[in-house]
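**Student:** Take a look at the letters that make up each chain.
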Amino acid sequence: MKSYIQDIERALYDVRDEDKSVYKSDAGLTEEIIRDISTRKKDPSWMLDFRLKSLEVYKKISLPTWGPDISELNMNEIVTYVKPNAKQVNDWSQVPDEIKNTFDRLGIPAAEKKSLAGVGAQYDSEVVYHSIQKRLTDLGVVYTDMETALVEHEDIVREYFMTLVPPKDHKFAALHGAVWSGGSFVYVPAGVDVKIPLQSYFRLNAAGAGQFEHTLIIVEPGAKLHFIEGCSAPRYNVTNLHAGCVELFVKEGARLRYSTIENWSRNMMNLNTKRALVEKNALVEWVSGSFGSHVSMLYPCSVLHGEGARAEFTGVTFAGKGQNLDTGAIVVHAAPNTSANINTRTISKSGGSATYRSAVKVTKNAPFAKCSVNCESLMLDDQSRSDTLPVMDIEGDEADIGHEAKIGRISEEAVFYLMARGISESEARAMIVRGFVEPIAKELPLEYAVEMNNLINLELEGQL
Amino acid sequence: MDEKILGEMPLKSWRWLGVNELKTSAQVEEKIITVGDGETQKISEINLADKNIARRIKILVGKSARVEFITADLGRGDYSADVEIDLRGDDSSADLDAVYFGDGKRKLDFNFVIRQRGKRTSANMNVRGALTEHCDKIFRGTLDFQRGSKGSTGRELEEVIILSSGTRNRSVPLMLAAEDEVDGHHAVSIGRLDEEKIFYLMSRGLDMVETEKLIVEAAFNPVVDKISDEKLRGELLENLQRRLAK
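Chains as they are written, first to last, in the working numbering: chain W, 7 to 470; chain Y, 454 to 699.
Rather than coming from a laboratory, the hints here were simulated on the basis of the structure. Errors might be hidden in some of the hints.
[As the list claims (entries may be wrong)] Residues on chain Y that point at chain W, a partial pick, calculated with CB under 7 Å: (1) Ala631; (2) Gly644; (3) Leu646.
[To be verified] Anything over 10 Å on all C-beta distances counts as not near chain Y; from chain W, calculated: (4) His232; (5) Val397; (6) Val456.
Cβ coordinates follow ideal geometry from the N, Cα and C atoms, glycine included.
With the rest of the complex left out, here is chain W:
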């Protein structure tokens, strides 16, 4: 006997407003389009050059030959840039009602009320709403959108922008370099402890629009930051592409926690690139929840570059009907005494396909590297797929590497045990699913843990 767990109720998230954008670039990607984007964005000339070089690289690289099928993606039809009908504002009341309504339903102002430090919400390709608490500014913390950063902190952006994820990394990194637009910029000066998490909410609106936001975070020596990125997008019939890029620079002794709940609509191709460079005795913590989207290819990478650098990765992936989510993590040990922990949970149901894919590399320069990987997969029916593809590449003799993976379904014994204690079968299964993702949920900030629990509860209410 098997209980049926309903797909996540999307109506809550799939709010879609009429597309009233002022400007849409022509479909397809040409030098003219890139120049046009660059002019409208008032890029400095080096950024235009960067975009054009990326376009050249983009044309040379072919699509990946591995992973989920992305052949339905026709780049010639993707409108890469959509400018929303609102100038950037600091006051919530000035945000157009239509946009506000969508954000309200996503709970952004509510989240802000809960004393989140700043909200940089991205509507289509431009940041329309932005606020930051004065005391952050007083501490010297810069939290702004990338466009503003490019003007006000040009030197910093120029020094770091796409140095960690170079355009030639892969086709979508090159595409990102050419058409990037919007995103967050955070700079935390040395020794500053940002005690409240900074939050950013991205969403897509126009049909056929790709979103290519760039997140650049620099945490100077001894500083601390928690950054939260959340994503939600309305449902559309045209294939939507998300090829964002996240670059995190964690300097000596600094700590950065980067939490994400990606909750894309079911037609989204989520081909995001995230990478962190971790210096001496610094720590990067990734908390990553992948829900929604049609196809995801997402492998946050930590380059442990300084002695004693550490990385923690905690991830949960839920693949339902029509979804192919290929997620995981990459760790590169490039210095002595570095350590990493990867802990993931994947769930697949209703014909969904979930893949855990990871790479752990220990270079010759990294004696006494330690890495421990633990991934568990739960299949809720026999129509789904769950694959585990970890790669380990170890050079030198001083490493200590452990990997463990499990695959299976809800244990009938556990269900029986709980039922014998007077719990109904559906509640017993619900408890087991919640328990399964518990190690991840407890790493999330409260609002996000609640959101994730809601997602799971919504499914479980629908149990027959």
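Given chain W's structure and the hints, the job is docking chain Y onto it.
**Tutor:** Just chain Y now, with coordinates in the frame of chain W:
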């Protein structure tokens, strides 16, 4: 810097997944073995050759049949082994035990696949090895639970002992599942000799070479013991000892 590091990883193509990539000058020796319904077969593949060797073995396992496949590699040349066990019959089972010792400039490339197709099949893959000097080894082990393999279980374990800093070890334990009513587990452990064991043995008066020998032998013994040919077993252990003493 990063480009160099990331360039060495299989990220562009994840090409390490799936198939042997070692190009050897050796002629590939191919073999297909069928284990009929209800039969049990024990198969040993021992490599003690001085030259490069490439083998491809496919084993088809029928209903309620069982195969015990033991492979030991203590060759001198490069070694490439591609072993596929097809558990096509219901209630079939496979034990795949392997040991390898990589020294000198040997290149080792193992690709072991157990396809679980029948109902209630059972797979056990147990791989142990030691690497020293400049050995470059890649091991891929796949448990493939195909749709319909209800009630099947699979276990995969690889333990690698690394004895010297010039080695390169790549381990790729894959687990594929298109069936929910299965129980799969894989684990890999890669590391140098356990400090505590070394300390314990050396405090008993053993020197480092003897200690290494003892620990590696202890890892190899459970697999070597399964080889029925006593003479061959002796030859293997003697060979191992000689090479560890080097």
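**Student:** For each hint, tell me whether it holds in the structure or not.
**Tutor:** Do the hints match the structure? See the list:
no., hint, result
1, Ala631, "5 Å, holds"
2, Gly644, "4 Å, holds"
3, Leu646, "9 Å, violated"
4, His232, "25 Å, holds"
5, Val397, "5 Å, violated"
6, Val456, "29 Å, holds"
Going down the numbered hints, you'll see the structure goes against 3, 5, while the others check out.
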